[in-house]
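Use the sequences and the hints to build the structure in full.
Number of protein chains: 2
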Amino acid sequence: MLLLHRAMVLRLQQACRLKSIHSRLCIQACSTNESFQPQRPSLTFSGDNSSTGRWRVMGTLLGLGAVLAYQDHRCRAAQESTHIYTKAEVSSHTSPETGIWVTLGSEVFDVTEFVDLHPGGPSKLMLAAGGPLEPFWALYAVHDQSHVRELLAQYKIGELNPEDKVAPTVETSDPYANDPVRHPALKVNSQRPFNAEPPPELLTENYITPNPIFFTRNHLPVPNVDPDTYRLHVVGAPGGQSLSLSLDDLHKFPKYEITVTLQCAGNRRSEMTQVKEVKGLEWRTGAISTAHWGGARLCDVLAQAGHQLCETEAHVCFEGLDSDPTGTAYGASIPLARAMDPEAEVLLAYEMNGQPLPRDHGFPVRVVVPGVVGARHVKWLGRVSVQPEESYSHWQRRDYKGFSPSVDWDTVDFDSAPSIQELPVQSAITEPQDGETVESGEVTIRGYAWSGGGRAVIRVDVSLDGGLTWQVAELDGEEQRPRKAWAWRLWQLQVPVPAGQKELNIVCKAVDDGYNVQPDTVAPIWNLRGVLSNAWHRVHVHVAP
Amino acid sequence: MLLLHRAMVLRLQQACRLKSIHSRLCIQACSTNESFQPQRPSLTFSGDNSSTGRWRVMGTLLGLGAVLAYQDHRCRAAQESTHIYTKAEVSSHTSPETGIWVTLGSEVFDVTEFVDLHPGGPSKLMLAAGGPLEPFWALYAVHDQSHVRELLAQYKIGELNPEDKVAPTVETSDPYANDPVRHPALKVNSQRPFNAEPPPELLTENYITPNPIFFTRNHLPVPNVDPDTYRLHVVGAPGGQSLSLSLDDLHKFPKYEITVTLQCAGNRRSEMTQVKEVKGLEWRTGAISTAHWGGARLCDVLAQAGHQLCETEAHVCFEGLDSDPTGTAYGASIPLARAMDPEAEVLLAYEMNGQPLPRDHGFPVRVVVPGVVGARHVKWLGRVSVQPEESYSHWQRRDYKGFSPSVDWDTVDFDSAPSIQELPVQSAITEPQDGETVESGEVTIRGYAWSGGGRAVIRVDVSLDGGLTWQVAELDGEEQRPRKAWAWRLWQLQVPVPAGQKELNIVCKAVDDGYNVQPDTVAPIWNLRGVLSNAWHRVHVHVAP
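Chains A and B are the protein sequences, given in the same order. Quick note on the numbering used here: the first sequence kicks off at 10 and runs consecutively. Quick note on the numbering used here: the second sequence kicks off at 10 and runs consecutively.
Since the hints were made in silico from the structure, they are not lab data. Where a beta carbon is used, it is the ideal one built from N, C-alpha and C, also for glycine. Some clues are possibly wrong.
A few chain A positions that, by computed beta-carbon distances, are all more than 10 angstroms from chain B [to be verified]: (1) 106; (2) 153; (3) 157; (4) 215; (5) 216; (6) 239; (7) 248; (8) 250; (9) 252; (10) 289; (11) 419; (12) 432; (13) 518; (14) 527.
Incomplete in silico selection of chain B near chain A, CB under 7 angstroms [unchecked claim]: (15) 94; (16) 98; (17) 462; (18) 474; (19) 476; (20) 541.
Covered, in the sense of this in silico footprint (three residues per stretch, anywhere, with C-beta under 8 angstroms from a C-beta of chain A), are these stretches of chain B [claimed, not checked]: (21) 278 to 290; (22) 426 to 432; (23) 481 to 492; (24) 519 to 526.
In structure tokens, the structure reads:
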């Protein structure tokens, strides 16, 4: 522990030197009007790779070392504590040029000089720039400790104007007016309907994605469902009985809990757009998240309604309680064979990471279909029926299908392609990010990998030279069950940067246990809806001299 | 019919003109000592695409038109019918330079000038060059008709020496001495053990591969099993009973019949060798074939021995009756969950295309594991047991696994990779072949596509420009059942050759219903054993001016 302490102080001193250099760089950047490029501090420890581990170490480090390093701030904090700022003023301070301000409760802090020393990396603190820290501290409870508050106090510059409470302007004619408040870290691709993804630096911070930053893919306004009057209608089989299940009724079925990764078919669509325009939201690498779901098994509920597997092909159709102005509800279906297979573990989930489902994720009940595209995990579930054919919903028949690159909107025949169910193997790099500058010496590359259909990821290959040579990454996260690998694997590779290298073309590709691989390039899998974008993920980074 | 007849005579006349031109080309080639490049005749009809259809039309065509076209051969046939030739002499006539000879019964024919007019294409007749026609006529019974014999008679040049019966030299010390006689069309990759594949031009001629040319992958000498004394030993579960089943006993289980494609993990290994040396047989595109299998379900047999699915992972281990000099038998295993799943349709097969299994394919009983790599379809099955771990056989644990391109024989850790079970999506072009010259105007591209795990092939994209632009091929062959797409789809694309094009870089890639795709290139999936070679298949062809 003593050694660790000494090492920390040493590293903190190094970090402070880095900080000084960087301050000069910033000034230079301002004077030449160049854009701000956050520098990554060398404050990571190669000996402890788990993110919680890093936080813990960092917390300790701050408690022990902070006093030494920031004595100069104390005076300034004392001098400036009487100033009053509006929220608007705070929100305009989001860059080194303007200063980087945050709030906690009614206090305002200028953390410009601390950003590069933030143990979780500058980019994570920057997510809170111009606004409150609370939503982020709620995600990372390690912050809520006296030594962190003490440290922060040194940066206090004033108080929020107590009268500055912005009353939200609710347009009652706006169908989205009742949508829930979202976490500020989410990168919004569309406000109405709300579609947003966690930033890469948070996405793989945890094996289980915290509910507030779980990617959100809504097709319509979020319905406001009263849990007391909620009923799930299950159409009975011929000779069986139709069910109208309250939440309490659903809780009476045996409860199952599974960890499942959900991915939108449009994840990484932005890379397809770079090849040729597509119709769809510009998802980057974050339309994927993992949660621990709890609920009743769909097969148990269907059995109670008298359904059983039949020789002929049939489909379980789901309808959401979200609907468009004409009253058309979101809908989708999955094959009955999957629904009735206990091994497929399809859930009617009412819990997400131990909590009731958040409104954005289907409160009070959503379908969770492990290994299958997100579009079939119908939220705000209202009705379940078994039909000889797939759901007639737009989203089942005229969307979420893959086509040849040669097919355009003039030639597309949606009936010619099957609806997407299982998804192909996928992986992406979340750290470092494209365009970033990494330190020379050693680089840590992190990301996620997942495959559909319960196929486990067995290997992730990483290249620093655009795919000419490869190294095998270390798989983190939970070992998956055979044939039930519903959740992703996080992975990382710590690797020396070849001497003299000025840039790296980092590439990752995953292999699943059916030995399926990702295609090399995007263009040959381009399709007019921009779905199924699972080519090798590539980031180009500069190496600091 | 009359119209058809007129069209045929017209095309035959065109073909004859082509023949004359080609004869000149051949002479020219001989004089400049260039290698023989068979020309493809324009004798295909775009209106009828099925291969059997083509054969039927061709048969009729020959019956009607042959007399007109080949009167000049009659005289020569009469003159030369008294010559006597040895088998050795016949077998030395296999090229246009030497003449192309074949035999039928005791008669010898010089078919040099007929080769380019062969309705099935010159390459198929060339397979029989220098030897007997019978093995090929056995495959394609349409030949055995009076008008075909009449046509052939025109090319007769003599008789085989009746004393020229080569006694096979059997070395009794040779463990392979009792291997069966094989079809001469097979392209042999290894004689001992015997490993051979059908040539591309025959591979996709039929949806069901005829038994004699089904690819053969033997690891050891072929055992000679007496069906009367044959017993299959099934180790019983604790509390169950071990079984010793005769062939008659196996026949008493309910019989199931399914069409299943088998593929060797090493199919298309020769393309990996072009990247970097690998250890393994140089399979081209033919280590894949399709048969209709009949037999008892493994789950029924296991149930009779008292086995049932258990919560803990278990494996069904198979042992063949083929063994090496130390007595070690071929062995492999599959997960118990697959074996016990009636939907997985794992068979103990005793029939192949309505016949008892040929010796090369496991007589009297082999395992057929739909959707799974060929190596687990253990032949000459002797013993079945259920174990907590995978088979300890070399072929389960130290072979048939995939690795990163960075892994070599110094660094390989076989325990780090799972044994190959399900195979990834695959496709290949069988027509035209690499290096071939195609006619300008229109080209017909044919091939096969298949995926493991019961995933259906939903699309095959074909490119003529190396992958820049794509067209969707037409899928032939049987529509597959959902989740039980055990058999391949044949496909074809008839497409105009862009004007002025001197060469084509033809590429194919398939997509399965999990929207898995093939990788673009070979190098990034290269592995030291050369397995799982499923990159886009590419052939380069010249266009005739």
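Handout entry: Status of the hint placing residue 94/B at chain A (closest C-beta pair under 7 angstroms)
Key = violated, 52 angstroms
Handout entry: Distal placement of residue 250/A relative to chain B, Cβ over 10 angstroms
Key = Correct as stated: the minimum Cβ-Cβ distance to chain B is 28 angstroms, above 10 angstroms.
Problem - Verdict on residue 239/A as a residue remote from chain B, using beta-carbon distances over 10 angstroms - result: holds, 33 angstroms
Problem - Claimed clearance of chain B by residue 215/A, with the beta carbon kept past 10 angstroms - result: holds, 27 angstroms
Practice task
Classify the label on residue 248/A as holds or violated, using whether its beta-carbon is more than 10 angstroms from each beta-carbon of chain B.
Solution key: At roughly 24 angstroms from the nearest Cβ of chain B, residue 248/A sits farther out than 10 angstroms, so the non-interface label holds.
Problem - Status of residue 153/A, Cβ more than 10 angstroms from any chain B Cβ - result: The claim stands: residue 153/A keeps its Cβ more than 10 angstroms from every Cβ of chain B (closest is about 42 angstroms).
Handout entry: Agreement of hint residue 476/B with chain A interface, Cβ distance less than 7 angstroms
Key = Constraint on residue 476/B satisfied, holds at 6 angstroms.
Handout entry: Restraint outcome when residue 462/B is required to lie within 7 angstroms of chain A by C-beta distance
Key = Given a least distance of 6 angstroms, the restraint on residue 462/B holds.
Exercise for the section: Determine whether the non-interface label on residue 419/A survives the test: each CB of chain B must be over 10 angstroms from its CB. Expected result: Non-interface label stands for residue 419/A: nearest chain B Cβ at 15 angstroms, farther than 10 angstroms.
Handout entry: Least C-beta distance from residue 432/A to chain B larger than 10 angstroms
Key = violated, 7 angstroms
Practice task
Against chain B, does residue 518/A hold up as non-interface, every C-beta pair farther apart than 10 angstroms?
Solution key: For residue 518/A, whose nearest Cβ neighbour in chain B is about 7 angstroms away, the distance does not exceed 10 angstroms, so it is violated.
Handout entry: Consistency of the no-contact label for residue 252/A, given chain B and a CB cut of 10 angstroms
Key = holds, 27 angstroms
Checked against the numbered hints above, the structure breaks hints 12, 13, 14, 15, 16, 18, 21 and satisfies the rest.
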